[in-house]
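Enquirer: Throw the hints in and build the complete structure from the sequences for me.
For the protein sequence lines, the chains are A and B, in the order given. For the first sequence, the working numbering assigns the number 263 to the initial residue and increments by one for each residue that follows. For the second sequence, the working numbering assigns the number 19 to the initial residue and increments by one for each residue that follows.
Honestly, the hints are just simulated from the structure, not real lab data. In this text the structure is predicted, and so the values were computed from the model without any measurement. From the three backbone atoms N, C-alpha and C, an ideal C-beta is built for every residue, glycine too. One should not assume that every hint holds.
Claimed, not checked - The calculated DSBU-like cross-link candidates involving lysine-lysine, where the alpha carbons are at most 35 Å apart (straight line), are: (1) A:Lys600 <-> B:Lys267; (2) A:Lys490 <-> B:Lys268; (3) B:Lys268 <-> A:Lys489; (4) B:Lys267 <-> A:Lys490; (5) B:Lys142 <-> B:Lys222; (6) A:Lys650 <-> A:Lys489; (7) A:Lys271 <-> B:Lys267; (8) B:Lys60 <-> B:Lys49; (9) B:Lys267 <-> B:Lys60; (10) A:Lys493 <-> B:Lys55; (11) B:Lys129 <-> B:Lys84; (12) B:Lys222 <-> B:Lys133; (13) B:Lys84 <-> B:Lys105; (14) B:Lys55 <-> B:Lys84; (15) B:Lys194 <-> B:Lys55; (16) B:Lys194 <-> A:Lys493; (17) A:Lys489 <-> B:Lys267; (18) B:Lys84 <-> B:Lys268; (19) B:Lys60 <-> B:Lys129; (20) A:Lys271 <-> A:Lys600; (21) A:Lys489 <-> A:Lys589; (22) B:Lys133 <-> B:Lys250; (23) B:Lys60 <-> B:Lys194; (24) B:Lys267 <-> B:Lys222; (25) B:Lys268 <-> A:Lys271; (26) B:Lys129 <-> B:Lys105; (27) B:Lys246 <-> B:Lys105.
Claimed, not checked - To give an idea of the interface, some chain A residues facing chain B are shown, with a C-beta separation under 10 Å as derived from the structure: (28) Tyr348; (29) Ile477; (30) Glu536.
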Amino acid sequence: MSDHEYVPKSKFGKWFNDRLPLLSLASHLTDYPTPKNLNYWWTFGGILSFCLIIQIVTGLTLAMHYIAHADLAFESVEHIMRDVNYGWLIRYIHANGASMFFLAVYIHIFRSLFYGSYKSPREIIWIIGIIIYLLMMAAAFMGYVLPWGQMSFWGATVITNLFSAIPLVGEGIVNWLWGGYSVDNPTLTRFFTLHYLIPFLILGLVVLHIWALHIPGNNNPVGIDVKKPSKDTVPFHPYIVIKDAFALLMFMIVFAFFVFYSPNILGHADNYIEANPMVTPAHIVPEWYLLPFYAILRSVPDKLMGVVAMLSAILILAALPWLDTSKIRSAVFRPLYKQFYWILLADVLILGYVGAMPAEGLYLLIARVATAYYFIHFLMILPILGFKEKTIPLPLSITEPVLGGFPNAVIAKKKESLD
Amino acid sequence: MKNIFKISYLIILLLAGANQVIAAEKIELLKTDWSFKGLFGKFDRGSLQRGYQVYTEVCASCHSMKYVSYRNLFEPGGPEFSEDQAKAIAANFEVTDGPNSDGEMFIRPAKLSDKFVMPFANVKAAQAANGGAYPPDMSVLAKARSGGVDYIYSVLLGYEDPPSGVTLEDGVYYNKYMYGNNIKMSEPLSDGLVEYSDGTIASKEQMAKDVTTFLMWTAEPHLEARHKMGFKAILYLIILTILVYFSMKKIWSRIESKV
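Expert: The structure is reproduced here in structure tokens:
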């Protein structure tokens, strides 16, 4: 890090800082040189930190009133909704917060895909991000089980049953996960324990994610390296802080609309029916943010291969820095990649849609084509594109396009913001 | 700026739209004007009180409501009976309490702090008395069916003779809006079934609307508080956002770059 050595002004400050350099850390975070051309897609990192904190704070409060027992869980949630002071508010923030968290993380991931933020020297940031995303999915899935409604119970049954696809030891693993011969009280208590634990693992990984980010510094919409500090950068405070705050407030307005005016629209009505092992719901669907992977799972006729495909779909992202052979980061300068990027985004949205539909007829066919394309994008298109694509020349510095010195980039940047 | 608005709007539409598609029913549900919908939606007190009457005189003989307490009946945001009325209502029911100092269980009239007394001792007893079908608990029913209040309202009014060619088993009825069209509950409402004390004419539609409103309240007892707080919270956020926006513009004006 190129920032100059920080020396505290007061004697006590110096004494303290020599022993634990918290003041140096604060100074680093304040002065942290950030490219000044970051657009609003870059504000989702801050928004995601906010989401994590909100989930932890509301989650802790809920845990004080929730009872992790198969006979009492549903009732305790109703107790929270009815009798706990502002319990309804806390629970609705937590439940919708999960959806908002995923909405933000998907935007964050697709921003990274567009601007090539996963490329050298930011591979570690990216991989930590993928691990965080995996943990988020685990936490969200287990959290959805806790209210012990019909979708909780049957979702847990379907997902844990996936492990039975593993040859030889599958059945044993499933029974071990359940703590019995079906999803029951032991399953609920361990899911609660893990659901409580994972957010703190995520918090630790977020610290690493940000630490790793502060080594090379932020990527930017132009995707070229910037000198730090220079006239291409601004100090994190106040410039980025105020901009992140503004974006966060916009996000909170959307969040508040869900919490206050349609708190149940993202959930499933069946989860307000208490879990009943004797009655299977008409169709079992996961929460919306897991639908694309659910579609991939169901598009493969063989159970084991379906599970393998679903896991590969996520893990393949970790290999992305090496699958994408292009040296150019930003899609702004990659006319062909840009087309494929939008096709991939559409592909994932289509997968999400068919994931919510019954796996039959036309839906199944669409799911299969979309699944195949998803893998083709990462395993064939990206590696080849790096060699074949004719890219637009890069500007020398980000000041150049910002000040209009480089017409192509200006036009490209304008078009970006329209998209 | 504009883009952000546009994009957030599109995201909301997309999420809402996707959910609508998922929840889409084959048959158009009956609609009525619910007073509790919308940004300022509130329950109609009269309708809630009448709805309670319909529930207690018609539904409660089979359907339990185990998460609702008698005290809820006079709490703000609900039917808002007076405390004395709520006490009188509770006193009509008997609960088993105990053990007392002699170690005996005893029966006493219900108090405000008691949950609604259930019509059957347990699920099995309810099934035995209802031809094998369990009348679902009604506490959160309005949130537990896709289509929500519109669905419940439609089912209450959706009884008709089965179309030709459809034969029904004994104790099964035809309902246009019920999933699978078969329902084990006989038509619960008929014109003039209850006598409203406020002079409202107890037509089938009126009773269906009142009891469904009541069910929405039992499912979401803090709905009014939520709407009220939501308006304040969002107004506050909008004002703060505008202030932060201008602060941001001011701060960024120090350098030659746009935000």
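Enquirer: State for each hint whether it applies.
Expert: Now the hints, each set against the structure:
The hinted pair formed by Lys600 (chain A) and Lys267 (chain B) meets the criterion: a straight-line CA distance of about 31 Å does not exceed 35 Å. Distance hint between Lys490 (chain A) and Lys268 (chain B) is fulfilled; the C-alpha atoms sit about 24 Å from each other, no more than 35 Å. Among the hinted pairs, Lys268 (chain B) with Lys489 (chain A) is consistent with the structure: their alpha-carbon atoms are about 25 Å apart, no more than 35 Å. Proposed proximity of Lys267 (chain B) and Lys490 (chain A) is supported: the alpha carbons are some 24 Å apart, at most 35 Å.
Pair hint Lys142 (chain B) plus Lys222 (chain B) holds up; C-alpha atoms about 31 Å apart against a cutoff of 35 Å. Between Lys650 (chain A) and Lys489 (chain A) the alpha-carbon distance is near 30 Å, which keeps this suggested pair within the 35 Å criterion. Note on Lys271 (chain A) and Lys267 (chain B): the hinted pairing holds, with a Cα-Cα distance of about 32 Å set against a maximum of 35 Å. Taken as a hint, the Lys60 (chain B) and Lys49 (chain B) pair is honoured in the structure, with Cα atoms around 18 Å apart against an allowance of 35 Å.
Distance restraint check for Lys267 (chain B) and Lys60 (chain B): the Cα-Cα separation of roughly 40 Å exceeds the 35 Å cut-off, and the hinted pair is therefore not satisfied. The hinted pair formed by Lys493 (chain A) and Lys55 (chain B) fails the criterion: a straight-line CA distance of about 53 Å is larger than 35 Å. Our distance criterion of 35 Å between C-alpha atoms is met by Lys129 (chain B) and Lys84 (chain B), whose separation comes to about 15 Å. Restraint check for Lys222 (chain B) and Lys133 (chain B): satisfied, since their Cα atoms lie roughly 29 Å apart, inside the 35 Å limit.
This hinted pair checks out: Lys84 (chain B) and Lys105 (chain B) have alpha carbons roughly 18 Å apart, not beyond 35 Å. At roughly 25 Å between alpha-carbon atoms, Lys55 (chain B) and Lys84 (chain B) fall within 35 Å of each other, so this suggested pair holds. In summary, the hint linking Lys194 (chain B) to Lys55 (chain B) is supported, as the alpha carbons are separated by about 25 Å, within the 35 Å threshold. With a CA separation close to 70 Å, the supplied pair Lys194 (chain B) and Lys493 (chain A) exceeds the 35 Å bound.
Taking the CA atoms of Lys489 (chain A) and Lys267 (chain B), the gap is about 25 Å. The hint holds against a cut of 35 Å. For the proposed pair Lys84 (chain B) and Lys268 (chain B), the alpha carbon gap of about 57 Å is over 35 Å, so the pair is violated. Distance restraint check for Lys60 (chain B) and Lys129 (chain B): the Cα-Cα separation of roughly 28 Å lies within the 35 Å cut-off, and the hinted pair is therefore satisfied. Taken as a hint, the Lys271 (chain A) and Lys600 (chain A) pair is broken in the structure, with Cα atoms around 50 Å apart against an allowance of 35 Å.
Between Lys489 (chain A) and Lys589 (chain A) the CA atoms are separated by roughly 19 Å; this keeps the pair inside 35 Å, and the hint holds. Taking the CA atoms of Lys133 (chain B) and Lys250 (chain B), the gap is about 33 Å. The hint holds against a cut of 35 Å. Proposed proximity of Lys60 (chain B) and Lys194 (chain B) is supported: the alpha carbons are some 30 Å apart, at most 35 Å. For the hint pairing Lys267 (chain B) with Lys222 (chain B), the CA-to-CA distance comes to about 60 Å; that exceeds 35 Å, so the pair is violated.
The suggested pairing of Lys268 (chain B) with Lys271 (chain A) holds, with an alpha-carbon distance near 29 Å, which does not exceed 35 Å. At roughly 7 Å between alpha-carbon atoms, Lys129 (chain B) and Lys105 (chain B) fall within 35 Å of each other, so this suggested pair holds. Between the alpha carbons of Lys246 (chain B) and Lys105 (chain B) the distance comes to roughly 28 Å, so the proposed pair stays at or under 35 Å and holds. The criterion of a C-beta within 10 Å of any C-beta in chain B is met by Tyr348 (chain A), whose closest approach is roughly 9 Å, and the hint holds.
Checking Ile477 (chain A) against chain B: minimum C-beta separation of about 24 Å lies over 10 Å; hint violated. Using the Cβ-Cβ criterion of 10 Å, the hint placing Glu536 (chain A) at the interface with chain B is satisfied: the shortest such distance is roughly 8 Å.
Taken one by one, the earlier hints fail for this structure at numbers 9, 10, 16, 18, 20, 24 and 29, listed in ascending order.
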